[in-house]
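All chains, please: the whole structure from these sequences, using the hints.
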Amino acid sequence: MRAGDLVRIKRASIGIPEGTLALIEAKLKVPSDMRMKPPEALWRVQLLYAGKTRRPRYLSRDLEVVT
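So that you can map any letter, position 3 of the sequence shown is 121 in this note's numbering, and since no number is skipped, the others follow by simple counting.
Hints were generated in silico from the structure; no laboratory data involved. Hints are supplied without guarantee of correctness; some may be wrong.
[Stated by the list, open to error] Quick list of in silico lysine to any residue cross-link-like pairs, SDA-like style, CA-CA up to 20 Å: (1) K147 with Q164; (2) K155 with L166; (3) K155 with D123; (4) K128 with V183; (5) K145 with D123; (6) K145 with Q164; (7) K145 with L160; (8) K128 with S150; (9) K128 with P174; (10) K147 with V184; (11) K128 with V184; (12) K145 with R173; (13) K145 with A159; (14) K147 with I134; (15) K128 with D151; (16) K155 with L177; (17) K147 with T185; (18) K145 with D180; (19) K155 with R179; (20) K145 with E158; (21) K147 with L166.
The following block contains the structure:
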């Protein structure tokens, strides 16, 4: 995954249904209190859902690149 990729969200959250398309904006630094084993990347995405302009953050495991 990298900035500019089109992704599908695999985990539903409040106001964002599973399967929503989004565009990856940036890879973020993982805060020290969120260190996971195995390490995962944290991504900021821009939603392409119903005209909303939200920019939530997701872990790599919650995103799937659309080919």
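A quick look at each hint next to the structure:
no.	hint	result
1	K147 with Q164	holds, 17 Å
2	K155 with L166	violated, 31 Å
3	K155 with D123	violated, 25 Å
4	K128 with V183	holds, 10 Å
5	K145 with D123	holds, 11 Å
6	K145 with Q164	holds, 12 Å
7	K145 with L160	holds, 6 Å
8	K128 with S150	violated, 25 Å
9	K128 with P174	holds, 14 Å
10	K147 with V184	violated, 24 Å
11	K128 with V184	holds, 12 Å
12	K145 with R173	holds, 12 Å
13	K145 with A159	holds, 7 Å
14	K147 with I134	violated, 23 Å
15	K128 with D151	violated, 24 Å
16	K155 with L177	holds, 13 Å
17	K147 with T185	violated, 26 Å
18	K145 with D180	holds, 14 Å
19	K155 with R179	holds, 13 Å
20	K145 with E158	holds, 11 Å
21	K147 with L166	violated, 23 Å
Violated hints for the displayed structure, listed by number in ascending order: 2, 3, 8, 10, 14, 15, 17 and 21.
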